[in-house]
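Assemble chains E and G onto chain Y, guided by the hints.
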Amino acid sequence: MSNARTNILSRLCQSSIQETPPQPSPYQGREQEKDDWDTAERVRRFTERMEAVRAEIHHASRTDWLDVLAEICKAKGLNNLLVAAETEWGSAIHAQAQRFPALKTYQQPIETWKSELFYGIDAAFTGTRGGIAETGTLILWPDAHEPRTMSLVPPIHIALLETDKLYTTFAEAMQAEGWVETGMPTNALLVSGPSKSADIEQTLAYGVHGPKELVVILV
Amino acid sequence: MTTEFRHNVTLNLAKPNVRANFRKAMDGLMSRRLDQFPDKAELERLRTQSMAIRANALSKLPELLEQLETNLTRNGIHVHWAETPDEANHIVLAILQQHNAKSLIKGKSMVSEEMGMNHFLEGHGIDCLESDLGEFIIQLAQEPPSHIVAPAIHKSRQDVAKLFNEKFPDIPYTENIDELTQAARRILRDKFYAAPVGISGVNFAVAETGTLCLVENEGNGRMSTTVPKVHIAVTGIEKVVEKLSDVPPLLSILTRSATGQPITTYFNMISSPRKPGEKDGPEEVHLVLLDNGRSNIYSDPELLATLRCIRCGACMNHCPVYTRIGGHSYGTVYPGPIGIILEPQKAGLDVHGELTQASTLCGACGEVCPVRIPIPTLINRLRYDGVRKDASTTVGTGSRRKTGEAAAWKSWAWAASHPAIYNFGAKTATRLHGLFPSNMGAWTNVRSAPQLAEQTLHERLKAMGVDHE
Amino acid sequence: MATRPDTIYFFGTCLIDLMYPQAGVSAMQLIQREGVNVIFPQAQTCCGQPAWNSGYRDEARTVARAQIALFPKPIPVVIPSGSCAGMMKVHYPELFANQPDEAQALDVAGRVYELTEFLVDVLQIELKDLGEPVKVAVHTSCSSRREMGVADKIESLLGQLSNVKRVEQIRKAECCGFGGTFAVKQPEISASIVLEKVETIRATQADRLVGQDAGCLMNIGGAMEKQGDAIPHQHIAEFLWERTGGVA
Numbered sequence: 001m002s003n004a005r006t007n008i009l010s011r012l013c014q015s016s017i018q019e020t021p022p023q024p025s026p027y028q029g030r031e032q033e034k035d036d037w038d039t040a041e042r043v044r045r046f047t048e049r050m051e052a053v054r055a056e057i058h059h060a061s062r063t064d065w066l067d068v069l070a071e072i073c074k075a076k077g078l079n080n081l082l083v084a085a086e087t088e089w090g091s092a093i094h095a096q097a098q099r100f101p102a103l104k105t106y107q108q109p110i111e112t113w114k115s116e117l118f119y120g121i122d123a124a125f126t127g128t129r130g131g132i133a134e135t136g137t138l139i140l141w142p143d144a145h146e147p148r149t150m151s152l153v154p155p156i157h158i159a160l161l162e163t164d165k166l167y168t169t170f171a172e173a174m175q176a177e178g179w180v181e182t183g184m185p186t187n188a189l190l191v192s193g194p195s196k197s198a199d200i201e202q203t204l205a206y207g208v209h210g211p212k213e214l215v216v217i218l219v
Numbered sequence: 001m002t003t004e005f006r007h008n009v010t011l012n013l014a015k016p017n018v019r020a021n022f023r024k025a026m027d028g029l030m031s032r033r034l035d036q037f038p039d040k041a042e043l044e045r046l047r048t049q050s051m052a053i054r055a056n057a058l059s060k061l062p063e064l065l066e067q068l069e070t071n072l073t074r075n076g077i078h079v080h081w082a083e084t085p086d087e088a089n090h091i092v093l094a095i096l097q098q099h100n101a102k103s104l105i106k107g108k109s110m111v112s113e114e115m116g117m118n119h120f121l122e123g124h125g126i127d128c129l130e131s132d133l134g135e136f137i138i139q140l141a142q143e144p145p146s147h148i149v150a151p152a153i154h155k156s157r158q159d160v161a162k163l164f165n166e167k168f169p170d171i172p173y174t175e176n177i178d179e180l181t182q183a184a185r186r187i188l189r190d191k192f193y194a195a196p197v198g199i200s201g202v203n204f205a206v207a208e209t210g211t212l213c214l215v216e217n218e219g220n221g222r223m224s225t226t227v228p229k230v231h232i233a234v235t236g237i238e239k240v241v242e243k244l245s246d247v248p249p250l251l252s253i254l255t256r257s258a259t260g261q262p263i264t265t266y267f268n269m270i271s272s273p274r275k276p277g278e279k280d281g282p283e284e285v286h287l288v289l290l291d292n293g294r295s296n297i298y299s300d301p302e303l304l305a306t307l308r309c310i311r312c313g314a315c316m317n318h319c320p321v322y323t324r325i326g327g328h329s330y331g332t333v334y335p336g337p338i339g340i341i342l343e344p345q346k347a348g349l350d351v352h353g354e355l356t357q358a359s360t361l362c363g364a365c366g367e368v369c370p371v372r373i374p375i376p377t378l379i380n381r382l383r384y385d386g387v388r389k390d391a392s393t394t395v396g397t398g399s400r401r402k403t404g405e406a407a408a409w410k411s412w413a414w415a416a417s418h419p420a421i422y423n424f425g426a427k428t429a430t431r432l433h434g435l436f437p438s439n440m441g442a443w444t445n446v447r448s449a450p451q452l453a454e455q456t457l458h459e460r461l462k463a464m465g466v467d468h469e
Numbered sequence: 001m002a003t004r005p006d007t008i009y010f011f012g013t014c015l016i017d018l019m020y021p022q023a024g025v026s027a028m029q030l031i032q033r034e035g036v037n038v039i040f041p042q043a044q045t046c047c048g049q050p051a052w053n054s055g056y057r058d059e060a061r062t063v064a065r066a067q068i069a070l071f072p073k074p075i076p077v078v079i080p081s082g083s084c085a086g087m088m089k090v091h092y093p094e095l096f097a098n099q100p101d102e103a104q105a106l107d108v109a110g111r112v113y114e115l116t117e118f119l120v121d122v123l124q125i126e127l128k129d130l131g132e133p134v135k136v137a138v139h140t141s142c143s144s145r146r147e148m149g150v151a152d153k154i155e156s157l158l159g160q161l162s163n164v165k166r167v168e169q170i171r172k173a174e175c176c177g178f179g180g181t182f183a184v185k186q187p188e189i190s191a192s193i194v195l196e197k198v199e200t201i202r203a204t205q206a207d208r209l210v211g212q213d214a215g216c217l218m219n220i221g222g223a224m225e226k227q228g229d230a231i232p233h234q235h236i237a238e239f240l241w242e243r244t245g246g247v248a
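Residue numbers (this note's numbering), protein chains in the order written: chain Y, 1 to 219; chain E, 1 to 469; chain G, 1 to 248.
No incorrect hints appear here.
Looking from chain G toward chain E, a few residues come up when the C-beta cut is under 7 Å (computed): (1) MET19; (2) VAL25; (3) GLU188; (4) GLY222.
These are computed hints drawn from the structure, not numbers from a lab.
As the structure is a prediction and not an experimental result, all values here were calculated from the model.
Where a beta carbon is used, it is the ideal one built from N, C-alpha and C, also for glycine.
Pulled out of the complex, with its shape left as it was, chain Y reads as follows (with noise of 0.2 Å):
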């Protein structure tokens, strides 16, 4: 098929484009303002969005936010919960496996597991990478201590995030954390609450294919 990729190059080689399209100006956001927002203010907003689309926010600090957690396990009546056990979190987590339901790791890649990771995990913990306050957006970069179907496959998706790394913009995050000088990894992903749809009658349907529920502790 080489052939093609010469063929399309070449017709559009051919055309020269004249002029000279204007050249984007760095994006500025959606508002003026929000170069002013301060933490507290990204706080509020980030939980003002995640609530409307039905996402569960707690508060937490660093000296009881293992205590939040096993309230919301208990809460939520999990028989299990997938933490990864080399995260800082994680290790926490693990530290304290008493407190919580079975804690599972997940330690061998999916195809020897991934008849229990489909039918028989409760909920999920992962930590963040980050989040943005306009949109109400958690930043996740799978790895191989989270893997990527850890937010996406159990019904139910525990994020941890840390309010010092909230930043305004989607914008503002990507450029601040250098994404193009660090390398992009095989999977970034924007999550901005449960799984939804409205494919019918444009009525709004929680847990379609990902996670049914999104809490989100902010530490």
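Leaving out everything else, chains E and G in the frame of chain Y:
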């Protein structure tokens, strides 16, 4: 002669339920979009910014495609090029055969509709399953999408309830949307679990980093691109953007224009297959770049703007014609205002040129387009290409020129450029106004016949002694 | 904003010429009452839009060329129609691009005003309502709204009339389905659009429908008349002239 389009229009205008479904849905989509843009000035700035990003990408399209290919390849993603839907289908088939795959699961992709992928692959014994809820519904009903963003928008909950009951008799009949959605979740979960190959479209392909971006709410797109061992993305060659920093503004205006959401639930950025040590994700990722007439559209400096489209569907949501006749009337993959400029260019004016008439030129589409495609201007241009006598790059140029109509316009132009003739005609007509036919075909089906005045404005102003030079 | 001219050209449009001459006369009288002299070149016919929108550009240009020759003086060209004004202001530059008379077309295009725009922005007209209380629904043509961007002008004129209560139909900004040749080429779609428009206007229980484009009025008014019990429709110029006593 009744054309296929006219036939479809008659058929669909006579379906009060479908018309009511469209009206209600379009009203909802319009008002939700409006709510997302409380600040008009910000909207216009963002439209200009988004237009500039897309225009910039198109101005460097060949280089950016090569850069995209280089970076994707470096990241471990296989890049394929196809000039025609048939070529693209064969590429996909070959990948499936390599893996001995007999089935696949699909996220929403309009380019796959353009390819007729399901039909082609099913002919080769491959089971294709749509996993987007709307696409799943219309696949069950064996219908094409009626809207590019909300493919089952023409169906009511009762329609969906009946359809599910007929196809899945084990599931109790329900008209409850949550219950219908949960039924689809259960059915499709097993399919995600088992599918060897996942297909998706692409919303933006970032040349700078070699990243494929997908926008969705349901999670089926993530499932299709994460769980199967092989992921094949199909997209048009125009979907490339230059920089990663181009993505946030486009994403923002796309979701707000399309469904009135500040952002969709998921924004999925894929830059490589599963890396060593990673525990999930496809082991192989492919991108199929489809031309299908795009490089020809690219050759005209005016029509090129067609390729800026980011497929938000706002033009159809705001179109008085689309709202009345629905997506199926067009008989093409892309309906509505973007469809009536894109499809005649892809297939030729000789094939779909009639669609350029499916507009009142009210301008609502151009007004809401997030990348400022001057859709009404391009409709006018394609009407011209359809009847012009000289050459243009548009396929089927001149094919819509009919001798009788051309002669009528010529006579009209002669009369209207000779004031004496025009005035004589106008005066004569007004003198005969009582004899003017009260039955004027289609016009008088729903309207009274136009009443000619007893005296023309020319005559009255002349009689009043108004200066004439 | 242009300075107040002594004299203007008036382009009446072919629809007003044949169907609604009273609107043309009223428009001219409104302008004259403001102390502005009006020239109506008798050789004017049509702006050429029907052919332009049908793709027959050469024919449209032939007709347009005959019009641009009629407005040589550097004074405004006022048109009681957003659609025809849009043709001259927006599309003449496209139609005459790279033609020998491009400069002349651009010159005329640059002087074009839609009537309500001219009354509000240039003449800064002040109206005194002498009429009885009346409920009015407004239909602004798509070309006035989107091409000319003057949708607010008719509202501001009506807003000056103390006895006029404006009522608003739902989906006010939606097209009436006329679209010039569209109504003839796609009659069923056009009919389905205008019938919904009529329904929304009737729902306002307005006493009168006013607009600034004869095409839309003929379309909406014609559909109401066919149904019977029509809400009377009127061009804005005629309505304003009547409401303000018709004299200086």
